[in-house]
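**Student:** Listed below are the residues making up each chain.
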Amino acid sequence: MIKKKIKIINKLGLHARASSKLTELASKFKCEIKIKKGNEEADAKNMMDILMLSASFESKVDVTFSGIDEKKAAEEIEKLFLNFFGEGE
Amino acid sequence: MVGYLLVTHGEIGSSLADCVYHIFNKKISRLDCISINPTDDIDKKKIAISQKIKKNNSGDGVIIFTDIIGATPCNILKDFIIKNKVEVLTGVNAAMLIKALSSKNKDLNNIIQDCIEAAEENILQIDPND
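Going line by line, the protein sequences match chains A and B.
Heads up: the first sequence at position 78 corresponds to 97 in my numbering, and the numbers run straight through without jumps.
Heads up: the second sequence at position 76 corresponds to 87 in my numbering, and the numbers run straight through without jumps.
Read the hints as simulated data drawn from the structure, not as lab findings.
In this text, a Cβ means the ideal position worked out from N, Cα and C, and glycines have one as well.
Hints should not be assumed to be uniformly reliable.
Claimed, not checked - Across the chosen pairs, the derived CB separations fall in these ranges: (1) A/K90 x B/K55: 24 to 32 Å; (2) A/K49 x B/I58: 32 to 40 Å; (3) A/F103 x B/K57: 17 to 25 Å; (4) A/E60 x B/T101: 39 to 47 Å; (5) B/K57 x A/F76: 46 to 54 Å; (6) B/C30 x A/E94: 39 to 47 Å; (7) A/E60 x B/D54: 49 to 57 Å; (8) B/H33 x A/E51: 22 to 30 Å; (9) A/F76 x B/A82: 51 to 59 Å.
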């Protein structure tokens, strides 16, 4: 299992379109990907789950990757967060 | 795959559709909208609804979303319900649509249950400190 603590750096946070991109990317991997904010946990392959986290700008989430392709998934998912979900800011 | 139709008062449906197109960053061909307005000829609207159901049914059925139970759009739709093939859901919101359009391999009744759960779970009072 790989665990990563990621700070949300895009201004709009984990909003609907960013969540859609995250779900789309997460669904390409076989491993289980969970995102935790406080006591709430979401399945990264379920967009509504992610939206329910209500994770805004500068909040921190714990992301866990568990399964056969966890290393690749962790790299790419972290990159998506760090790349502002492709939003530029 | 299940097809979808929004039949609502005015532009509620098309606005929700625009919202999900924006979120998914693409137009979704199996989703169509029909607006019902006060001066509309209801018989003509019924023909349009029938055509859209036919267009969006690939064999897995169609879910029709509407806004308010008991209102004209909802009442018109009762005539189109075919158990397990064409079903109508009221109280449409963006969460329901996102849930439905995220489902790719589920059958019509499973998607309906997911939509109802998504709608209920997403009506919340927001805590500013959360």
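**Student:** Next, verify each hint and record whether it holds.
**Tutor:** Okay, the hints, checked on the actual structure:
1. Taking the beta carbon of each, A/K90 and B/K55 are about 58 Å apart, not inside 24 to 32 Å as hinted.
2. As the Cβ distance of A/K49 to B/I58 is approximately 47 Å, the hint placing it in 32 to 40 Å is violated.
3. The hinted window of 17 to 25 Å between A/F103 and B/K57 is violated, with their beta carbons roughly 47 Å apart.
4. For the pair A/E60 and B/T101, the supplied restraint of 39 to 47 Å is violated, since their beta-carbon distance comes to about 31 Å.
5. In this structure the supplied range 46 to 54 Å holds for B/K57 paired with A/F76, their Cβ-Cβ distance being about 48 Å.
6. Take B/C30 and A/E94: their Cβ atoms lie about 32 Å apart, and the range 39 to 47 Å is violated.
7. Between A/E60 and B/D54 the Cβ separation comes to about 51 Å, which falls inside the hinted range of 49 to 57 Å.
8. At about 29 Å, the beta-carbon gap between B/H33 and A/E51 stays in the expected band of 22 to 30 Å.
9. Between A/F76 and B/A82 the beta carbon distance is about 39 Å. The supplied range of 51 to 59 Å is therefore violated.
Of the numbered hints stated above, those contradicted by the structure are hints 1, 2, 3, 4, 6, 9, listed in ascending order.
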